[in-house]
Amino acid sequence: MGFNETKYCKEYTGFEMMLVSACRHINSNDIVFNTFHWPFLAVHMAKLLKYPDLFLVLEVGLFQNELVKSKKMPYSITDPVLIPNSVFTGDSIDALSVLQRGEITLALLSTSIIDKYGNCNTTVIGPYEKPIYRLPGGGGATEIAGLSKRLIWLLDEHSKRRLVEKLDFITDPGYLDGYDSRVKAGYPPDTGPDSIITPLCIMQFDSITKEAYLDALHPNVTIEQVKENTEWDLKVAKEVKQIEPPTIREIEICRKTMRDAIDQYYVLKPEWTIYLDK
Amino acid sequence: MGFNETKYCKEYTGFEMMLVSACRHINSNDIVFNTFHWPFLAVHMAKLLKYPDLFLVLEVGLFQNELVKSKKMPYSITDPVLIPNSVFTGDSIDALSVLQRGEITLALLSTSIIDKYGNCNTTVIGPYEKPIYRLPGGGGATEIAGLSKRLIWLLDEHSKRRLVEKLDFITDPGYLDGYDSRVKAGYPPDTGPDSIITPLCIMQFDSITKEAYLDALHPNVTIEQVKENTEWDLKVAKEVKQIEPPTIREIEICRKTMRDAIDQYYVLKPEWTIYLDK
Amino acid sequence: MTMKEAIKKFVHNNNLVFLGGFGNGITFSAAQEIIRQNKRNLSICKCAGGILFDQLIGAGVTNQIITSHCWNGIGPQPTWNFKRAIEEGIPQKIIYNEQSLFMINMSFFAGYMGLPFMPIRSIVGTSIYDHPKDVGVKAATVKCPFTGEEICVVPALNPDVGVIQVQRADSEGNAQMWGLIGDTKYGINSCKKIIVAAEVIVDKKVIMESPERTIISAHKVNAVVHEPWGGHPSYMQGFYYTDLEYRFNYTKETKTLEDWEIWLEKWVTGVDNRQEYLKVLGQEKIKKLKAKSIMQGAVDYGF
Amino acid sequence: MTMKEAIKKFVHNNNLVFLGGFGNGITFSAAQEIIRQNKRNLSICKCAGGILFDQLIGAGVTNQIITSHCWNGIGPQPTWNFKRAIEEGIPQKIIYNEQSLFMINMSFFAGYMGLPFMPIRSIVGTSIYDHPKDVGVKAATVKCPFTGEEICVVPALNPDVGVIQVQRADSEGNAQMWGLIGDTKYGINSCKKIIVAAEVIVDKKVIMESPERTIISAHKVNAVVHEPWGGHPSYMQGFYYTDLEYRFNYTKETKTLEDWEIWLEKWVTGVDNRQEYLKVLGQEKIKKLKAKSIMQGAVDYGF
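Chains as they are written, first to last, in our numbering: chain A, 1 to 278; chain B, 1001 to 1278; chain C, 2001 to 2303; chain D, 3001 to 3303.
Just so you know, these hints were derived from the structure itself, not from any lab. Please read all numbers here as calculations on a predicted model, not as lab measurements. There could be a bad hint or two in this list.
[Claimed, not checked] Quick list of in silico lysine-lysine cross-link-like pairs, BS3-like style, CA-CA up to 30 Å:
| id | chain 1 | residue 1 | chain 2 | residue 2 |
| --- | --- | --- | --- | --- |
| 1 | D | K3205 | A | K256 |
| 2 | B | K1072 | B | K1166 |
| 3 | D | K3220 | D | K3204 |
| 4 | A | K72 | C | K2288 |
| 5 | A | K184 | A | K149 |
| 6 | D | K3255 | A | K184 |
| 7 | D | K3205 | C | K2290 |
| 8 | A | K256 | C | K2008 |
| 9 | D | K3255 | D | K3205 |
| 10 | A | K160 | A | K130 |
| 11 | D | K3279 | D | K3266 |
| 12 | B | K1050 | B | K1149 |
| 13 | D | K3255 | B | K1160 |
| 14 | D | K3204 | A | K50 |
| 15 | C | K2008 | C | K2279 |
| 16 | D | K3204 | A | K72 |
| 17 | A | K238 | A | K227 |
| 18 | C | K2252 | A | K256 |
| 19 | B | K1256 | B | K1238 |
| 20 | B | K1184 | C | K2143 |
| 21 | D | K3266 | D | K3004 |
| 22 | D | K3008 | D | K3192 |
| 23 | D | K3285 | B | K1256 |
| 24 | B | K1149 | C | K2193 |
| 25 | B | K1256 | D | K3252 |
| 26 | B | K1227 | B | K1166 |
| 27 | D | K3133 | D | K3004 |
| 28 | D | K3093 | B | K1130 |
| 29 | D | K3205 | D | K3004 |
| 30 | A | K184 | A | K256 |
| 31 | A | K72 | C | K2205 |
| 32 | C | K2205 | B | K1050 |
| 33 | B | K1256 | D | K3288 |
| 34 | C | K2255 | C | K2205 |
| 35 | C | K2252 | A | K130 |
| 36 | B | K1072 | D | K3008 |
| 37 | B | K1130 | D | K3285 |
| 38 | B | K1160 | B | K1072 |
| 39 | C | K2205 | C | K2193 |
Could you build the full structure based on these sequences and the hints that come with them?
See the structure below:
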């Protein structure tokens, strides 16, 4: 595909590609809302790979722009290791103030179920009153999705049950019913989902309809494959971009990060970690 | 007047009597909102005389219940000497939270001009737009007057220009237009002025009309004297109480407090301090 | 006062209860004493905290949780009692009064401020705004009289009783916490009755050495409990680290109803208090979790 | 950056300006540089602070003060430039946008929170609610959708630019303050452009040793000024005490217009910057005001 082969990694999993893609979306001057759990890994990679002093805001009311000196990765956004490495600690209301003042330029969030307008559900599968499957609830994602300037959703599985036409419950606002419905509801016009990153591809949102469309393919993935695994009738960019494969360095850092995460009791599916011990 | 003479002080000023009367209104279990400037002296006296661990809230967001160890009296509510003697420091919003939750059982405030419903003016004499005399403005007294359970006003001068029928400007809410107008405006029903203490007397408020009436006389003061020096047609209790003269101990502490205040640049009028050096 | 006495005296059936701690100082000891005393129909509010909620739900103590997240943060992994209650009604149906993290924080802040509501720039357009339907009006909008915009407002929360686990308090109840505060300061101050559990009880002089660390002052506190390690298996900055292994294994060890009952007996109903709990935990684990000291943060308060 | 450069770059005629400090760290150095640069038609917001306002008014820099109190707190005594402006229009008519202390704090808090208003349980029924008449809607009431009660709301303040004087900051602008904070944290964070003046510039490591002392973080800060004694004649906890004598005498020394002009020349326009001001103040006074150290407040941040 025209990419210089010696620089790139040949074998990697879709999960790893998702993390690498997410990491690439982070710019040095971003004010990042960092969240549990896959974004935590992507941000960790960005700090190791390129911006050790990336500015991060956590929902507990903690601002950080130094690489955590501890050898261990924080096990969560509340790990006490974070405290003596922060430039500010307060409470959740302080974190909300940064969001509401419109200062967050980038937020990464992981979710399990997303619809074509970028709304997410982390609450319930099935009717709310008679759930088939109860999920944990939204945490702070509702406001992070509502108020961040650039919002990137990470999905660790690209399937029809994960990318759906319509949600049973909207936990986190995307473009709601599309078009101008988000702005009409009262969210600032310069906010809203920017991309959805999955193991297969990156989707972006139509500027008018606000429907997600296929914008770029991860290496060795076809348009058909993406469409087949998306519940709604996915629209496709006129020219679908081809995403650069992960570099050897990116994968090195990605796998170090994944190993660190496993050491801190993160549960990673076996199929994501097949190359970790190589 | 039936008071045991040996226990009491014979010579004292009306200002001193006002401070002693104010000090007597403080109970050991009160949650006191302590304010600049005469209340500061009355509370200081209460701490020296009877309750060294009186619980105090200051509008800067500082809670205190220990006697300040410094030899000097704080020159204001913002004196840095207060900080390492406090059990809580935060900001003004923390102080407001205590007021709004209805936890202040007693507030003492000094003012220059009061009307018959206990409203006060510290803003302007004359028309607001063309003032004859501009005053400093209200500080935090507006909320303290609005939200404290028992509110005591201190006036250092009992005269017709200080106790008036109607104010040019209401800085601090008393009973507004009397009757139920304060509650109708939205203030909690268990709040409002309890007393007005002047060099001459103590006034209380009629339970129905909410108009201030003469309740008790300071020693050697007549009803006529009080009425003559009050602008409105002052009503008088069926049985006007006679206030106990200041004890020798009370005056001792009062004068010590006044001297400490002068050391910290408090301006006291010469006629208030005639006994200080005796 | 002991935790047993404090819970007995101040936590009553049908109460709305606030339990403090977000990562730092989660009130596990208090929650487990509530279980031992077999309280019923409690509504529990707390910004997040899966395995604490899960125990209260599994023990049948609560029929409503007011929160934004209920899962085992370590993994992350499901909390099974929570799922059993909601999906199957075991041991009873519970209401999950869905909140977002920031929404419940603003509700506590409204309670803290003695105000009936707080505005917030979110929630509108989501299902959280009006689900579940049977818990009253959860949120509304008002028109801003200054800008004309419609803005969401959330109601105050003023729990009947609250418990916090802090690093230190004096005997009167002036309580200090550092590291993450989460919803603890605003939550506990919004409560009508207040229990402070502290790792250490200190002289008031120590409190006054850094008064800005105080999150609640004695004038509101009803009970002070000296409760070392009361936050285990969460952490307490400066005292002990999270018991990651214990928390990770919790999900595995409580997956079936039978396993949960064994777990409950071992850690909660089979012990009488936190001291006995710590015996079950064992000296070796306690030694391992004990924090390595990092004393810092002194500044000059001189004048 | 020097204070001169920072004020030149970020404070412009007609701006709404926040000046920090309530007792602790009042921004006198910044205010006096604003006077030297002869800015015009500034609106100044600040919860209270008489002699600072008085200087800005006397120098003709401001035509609107948004505050709750303007008097010399030492005494207390009148501030004459303030009175001259309001009573006689000298040097110009100014608007006193009457606030209560808590009302303006809530307005800053609304600005801090990125919200258009904040509720408050006061002001209704007073003349502050709607005076002066020519500054727009100062307050309003809304009906609480949960309790049905009418409650007062006050609008957000979001100044164009703000300056604070703090104990310490790092070179990026992470700024820490202890002792009284007053309206400084919420006020400065609500500003669009931000100048941090600090007694000392420290390594970021020092900031991270007690991150809860940070009142504003670098991501919002436009200029960092190293300005020792920038708060004189107010105090800075841990650095220097209030110059009571200087502040007491200020009222006497500025009573007439002629006296004020002499004072202004001596302390403000006749010096080029704070270093020169300190020369006028003199080594003896500086020595006398220097704080006696009370280092305390370290806690264990270990894990």
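Quiz item: Which of the listed hints are broken here?
Solution: 2, 6, 8, 9, 19, 27, 30, 31, 34, 36, 37, 38
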